[in-house]
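*Asks:* These protein sequence lines are chains S and Z, in that order.
Each number in this note's numbering comes from the position in the first sequence (counting from 1) with 47 added on.
Each number in this note's numbering comes from the position in the second sequence (counting from 1) with 12 added on.
The set of hints was computed from the structure by calculation and includes no laboratory data.
Quick reminder that beta carbons are idealized off the backbone N, C-alpha and C, glycines included.
It is possible that part of the hints are untrue.
Claimed, not checked - Distance ranges between label pairs, derived from CB positions: (1) Z:Glu267 / S:Ala769: 46 to 54 Å; (2) S:Gly816 / Z:Gly111: 29 to 37 Å; (3) Z:Lys215 / S:Val243: 50 to 58 Å; (4) S:Ala769 / Z:Gln259: 42 to 50 Å.
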Amino acid sequence: MTITENKTTNVIGTRLLRREDPPLLTGEAKFTDDLNIPGALHLAVLRSPYAHAKIKSINVSAALKIAGVIAVYTGKDLQTTWAAPLPCAWPVTKDMKNPAHYPLAIDKVNYVGDGVAAVLATNETASRDALDAIDVDYEPLQAVVDLEDALSDKNIIHNDLGTNKSYTWPLLVEDTPGCVEEAFKKAKYKVKERYVQQRLIPMAMEPRAIAAVPQPFGGDITLYSATQIPHILKVMTALTLGIPEHQVRVIAPSVGGGFGSKLNVYAEELLCMALARKHNTPVRWVEERSENAQATIQGRGQIQHIELAADENGKITAIRVRIIGDMGAYLQLVTPGVPLLGAFLYGGVYDIPKAYDFSCTSVFTNLTPTDAYRGAGRPEATFAIESAIEALAREMKIDSFELRKRNYIKKEQYPYTAFSGLVYDSGDHLTAAEKAAKLTDLAGVRKQQKKQNVPGATKLLGVGMTSYFEMCGLAPSRVLASLNYSAGGWETATVRVLPTNKVQVITGSSPHGQGHETSWSMIAAEKLGVAPEDVDVLHSDTAISALGLDTYGSRSLPVGGVAIAMACDRVIEKAKTIAAHQLECAAEDLQFVGGTFSVKGSPDRALPLAAIAFGAFTAHNLPEGCEPNLEAQVSYDPPNFSWPFGTHMCVVEVDAETGAVEILKYIAVDDCGIQINPLIVEGQVHGGVVQGIAQALFEEAVYDGDGNLKTSTLAEYLVPAACDVPPITTAHTTTPSPTNQLGVKGIGEAGTIGAAPTVINAIIDALSGLGVKSMAMPASPQTVWKTIQAARGGKK
Amino acid sequence: MIPAAFDYKRASSAAEAISLVSQYGSDAKFLAGGHSLLPLMKLRLAQPAMLIDIGRVKDLSYIKDAGKHIAIGALTRHMDVETSKVLHEHAPLLSHAAGHVGDAQVRHRGTIGGSIAHADPASDLPATTLALGATYVVQGPKGQREIAAANFYKGFLESDLAADEMLVEIRVPKMQGAGWGFQKFNRRAQDWAIVGVAAWRRKNEAGVALVNMGSTPILATSVADALAKGASVGDAAALASNEADPQSDLNASTEYRKHLASVLVRRALEDASK
Numbered sequence: 048m049t050i051t052e053n054k055t056t057n058v059i060g061t062r063l064l065r066r067e068d069p070p071l072l073t074g075e076a077k078f079t080d081d082l083n084i085p086g087a088l089h090l091a092v093l094r095s096p097y098a099h100a101k102i103k104s105i106n107v108s109a110a111l112k113i114a115g116v117i118a119v120y121t122g123k124d125l126q127t128t129w130a131a132p133l134p135c136a137w138p139v140t141k142d143m144k145n146p147a148h149y150p151l152a153i154d155k156v157n158y159v160g161d162g163v164a165a166v167l168a169t170n171e172t173a174s175r176d177a178l179d180a181i182d183v184d185y186e187p188l189q190a191v192v193d194l195e196d197a198l199s200d201k202n203i204i205h206n207d208l209g210t211n212k213s214y215t216w217p218l219l220v221e222d223t224p225g226c227v228e229e230a231f232k233k234a235k236y237k238v239k240e241r242y243v244q245q246r247l248i249p250m251a252m253e254p255r256a257i258a259a260v261p262q263p264f265g266g267d268i269t270l271y272s273a274t275q276i277p278h279i280l281k282v283m284t285a286l287t288l289g290i291p292e293h294q295v296r297v298i299a300p301s302v303g304g305g306f307g308s309k310l311n312v313y314a315e316e317l318l319c320m321a322l323a324r325k326h327n328t329p330v331r332w333v334e335e336r337s338e339n340a341q342a343t344i345q346g347r348g349q350i351q352h353i354e355l356a357a358d359e360n361g362k363i364t365a366i367r368v369r370i371i372g373d374m375g376a377y378l379q380l381v382t383p384g385v386p387l388l389g390a391f392l393y394g395g396v397y398d399i400p401k402a403y404d405f406s407c408t409s410v411f412t413n414l415t416p417t418d419a420y421r422g423a424g425r426p427e428a429t430f431a432i433e434s435a436i437e438a439l440a441r442e443m444k445i446d447s448f449e450l451r452k453r454n455y456i457k458k459e460q461y462p463y464t465a466f467s468g469l470v471y472d473s474g475d476h477l478t479a480a481e482k483a484a485k486l487t488d489l490a491g492v493r494k495q496q497k498k499q500n501v502p503g504a505t506k507l508l509g510v511g512m513t514s515y516f517e518m519c520g521l522a523p524s525r526v527l528a529s530l531n532y533s534a535g536g537w538e539t540a541t542v543r544v545l546p547t548n549k550v551q552v553i554t555g556s557s558p559h560g561q562g563h564e565t566s567w568s569m570i571a572a573e574k575l576g577v578a579p580e581d582v583d584v585l586h587s588d589t590a591i592s593a594l595g596l597d598t599y600g601s602r603s604l605p606v607g608g609v610a611i612a613m614a615c616d617r618v619i620e621k622a623k624t625i626a627a628h629q630l631e632c633a634a635e636d637l638q639f640v641g642g643t644f645s646v647k648g649s650p651d652r653a654l655p656l657a658a659i660a661f662g663a664f665t666a667h668n669l670p671e672g673c674e675p676n677l678e679a680q681v682s683y684d685p686p687n688f689s690w691p692f693g694t695h696m697c698v699v700e701v702d703a704e705t706g707a708v709e710i711l712k713y714i715a716v717d718d719c720g721i722q723i724n725p726l727i728v729e730g731q732v733h734g735g736v737v738q739g740i741a742q743a744l745f746e747e748a749v750y751d752g753d754g755n756l757k758t759s760t761l762a763e764y765l766v767p768a769a770c771d772v773p774p775i776t777t778a779h780t781t782t783p784s785p786t787n788q789l790g791v792k793g794i795g796e797a798g799t800i801g802a803a804p805t806v807i808n809a810i811i812d813a814l815s816g817l818g819v820k821s822m823a824m825p826a827s828p829q830t831v832w833k834t835i836q837a838a839r840g841g842k843k
Numbered sequence: 013m014i015p016a017a018f019d020y021k022r023a024s025s026a027a028e029a030i031s032l033v034s035q036y037g038s039d040a041k042f043l044a045g046g047h048s049l050l051p052l053m054k055l056r057l058a059q060p061a062m063l064i065d066i067g068r069v070k071d072l073s074y075i076k077d078a079g080k081h082i083a084i085g086a087l088t089r090h091m092d093v094e095t096s097k098v099l100h101e102h103a104p105l106l107s108h109a110a111g112h113v114g115d116a117q118v119r120h121r122g123t124i125g126g127s128i129a130h131a132d133p134a135s136d137l138p139a140t141t142l143a144l145g146a147t148y149v150v151q152g153p154k155g156q157r158e159i160a161a162a163n164f165y166k167g168f169l170e171s172d173l174a175a176d177e178m179l180v181e182i183r184v185p186k187m188q189g190a191g192w193g194f195q196k197f198n199r200r201a202q203d204w205a206i207v208g209v210a211a212w213r214r215k216n217e218a219g220v221a222l223v224n225m226g227s228t229p230i231l232a233t234s235v236a237d238a239l240a241k242g243a244s245v246g247d248a249a250a251l252a253s254n255e256a257d258p259q260s261d262l263n264a265s266t267e268y269r270k271h272l273a274s275v276l277v278r279r280a281l282e283d284a285s286k
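Make the full structure from the sequences, and use the hints.
*Replies:* So this is what it looks like as structure tokens:
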């Protein structure tokens, strides 16, 4: 027995380097644009320069004369091509308004970037030149840009709907009718705050890219797309184009980031497929960076009103939340559902009674559609409660950490049934927060702050914190049903031990930069007692992984990874019956350790998995009724969400003369349960924290009053670069999830959720001596300076 | 990100470049490091029919001690300006400023001549050379002429360079031990300055120039004059915007820019006075 006995039983928890990195770092990874597809035509999309306008006429004759241009299509030309409009899979209420949305606008454009015409050419330059040669006669209409304006219905965007309001979704939880109102009447302390979650552009490093390739004979078509959701895309493109689903194969090659922006079914995917079929030739498209800023979904875009009622000790007794959600011009795949993903989290990590009154009204604007962006609804919710609790502490004139301690759900209360009926499976907020405070040297910083923040000081020190809960591992299908989502939340996994004891894992999740292949291989290696490098992970091709629900909502480990572990269990179970048969013992007398089955108490009677795998392949000596081969498939529907939590703290120094904010240190203490690979966990936290800092300090999709995007290049849209990122200290506590066998919770979104309120709270803390009580995002130097000026009453 | 079609010629000497540009006239553009022109072309904001690549004209990349001044070839990369020992000794303000241009990749490609010829008021080196009282040497079909930096900048992205002329050398007077300060205020390290200040001071003599405070780099003569008359740094800095006419943009209103200018001029002068 010379195989991997005991070699790899402790794979989980090790800092294995990411197997994804060598091809990425050497440039050998193949992204969609790297695919060499002979004869492919290039698609270019003419986009509306107006946020709101009627299309009076389109003249394409000059464009057609350009050498290399094969065809130009308008929305009218393609009107009969579509079996259905672009899909929205989340009709959150029965009466939700959803305007018909086609890949090209037909007689009216509704945002700057709305597709107006499609050019096919033999080369990219000709396709781009043709865009300049198309003559469109627009009749501009009043653009609706502001959310509160939109709500007034003064100017209606979609006339057939008669209103700009898409839906109102309430969540009223009252122990006794009227108890929210009563709690506010009785409250010793109350705060009422308004926050604006600015629109953000996800800005994945790889913009979107597509190639649709008709297959020889029979009408099959393969769609390559830089997408997070090949499986959902397959179903949706089949329905939208009216193609039998089995004729569509979707492949996501290497995908360079998504952050939710590639969790969608886009016009260009349908255009490429439709035109590839029409011309019976491959059609490809690569998004330009500025196009990405306008024609790919944006994130956030909410106005939040939050009220807290508290008793004399600061114990929160009721919460009232009113949200206006910015849907943009149309509803994309899950646009209306984003605020709902946050709806349950406005109570944060606190012990809130059944006195919770939430309502979200979502409106259309003449802006790029919004949709899920890293954290989707949950960062917004966390920002609101974690900012409001600071406001409450100021109102009570007590330390905000002390106020949090009075309200934390206590460790011994877990599993905790929340006001909403959701069960929070595990948590220990105080331990994580105290760890963060220690790493921050909170006491020391407070001491230094007293010394430094004296009247007239230029450099003001501030410290901010956030204790968050995340609701992820999307999602139990029955909960999705209760929210009216059109699909389930399960995931599939197939585990196959090949005759030579190499392992194939096939998953329905679809990674796009996270390092999942590494993590998943570690799970299978740990389970089966093989080396991680002997585990191949196959994914993101619907011909290989037929069923799946893809990657978003921190689900790929707590749902996808758990499915892999379960499939491994089933493989082991089958292998055990074969081992028992060949060792002539009862299955229950066998133990499986380090990749070898042995009879308990007689370790020399043993069979390694390798021998069983080969035996299952030859099928020469299998127990009666046992099928050949060693493989198992699992569809796993999680019984609950997973609930990562933690506390983030940061220390900032604000230059009161210029408004510049410098983050001196950032501490993230996250609890995502058992960490499969701490290296990958830290990477996810780093990236997430930077994205949260970006919302707090740098990024905003700025529109003028006519709906023109003023930040459509990376010179204006300020994605922080490496040298703009502060030192980040990551640490963790470990509270395993009791709802899955791995004890894992997911970590993809946590950093983003914690960081924005942490930074903003720190800035307000630094400026509190000047009377500053709120800070808009992004807290640019100018915004900070103006806020200081306003607090000083205009006095310099 | 796909530029309009253009033709391309590579020049191996300044003379060849000038002969090419004379031939193609205003349809032609010089391509040096490409860090200003190529993004404009990719956005189709610039559509020159002819690019004359001067990036390989080797005899224009040098930094020489020429007695009273340092002579810098127009094609000298920012990284070479940043790390030059000659400049560290005789014009440390310029080498320091060059180290703040863009990011490391930009500094390895971009050239001092390209930056100055582009005449972007938001760039660091036009204002820095202006503060230092530099002279630019330009070459045209009829030979060379010298232009004082103070007379070079005519408007937004407009300079005294004729269409058939090329910037070949930048002459920076030696600073002779003057104190100096450089302030670049931006939101990300790689960005153009929202406001920038290059300043030097030797007893009552001073030079102060502002980045991104108008349609050209601005020489803050009121500040220098006040210092010459014995004003305090704080009082002089309050005059920072006298010659300026700053725009409002996403990062800063006119008012905020003026406020920043006086804070940053004060800080730069404080550094220069150390």
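*Asks:* Now, for every hint given, state plainly whether the structure supports it.
*Replies:* Hint-by-hint comparison with the structure:
1. Z:Glu267 / S:Ala769: 46 to 54 Å: 33 Å Cβ-Cβ, so the 46 to 54 Å window is violated.
2. S:Gly816 / Z:Gly111: 29 to 37 Å: Roughly 36 Å apart at Cβ, these two residues keep to the hinted range, so it holds.
3. Z:Lys215 / S:Val243: 50 to 58 Å: holds (52 Å)
4. S:Ala769 / Z:Gln259: 42 to 50 Å: This hint is violated: roughly 29 Å between Cβ atoms.
Checked against the numbered hints given earlier, the structure breaks hints 1, 4 and satisfies all the rest.
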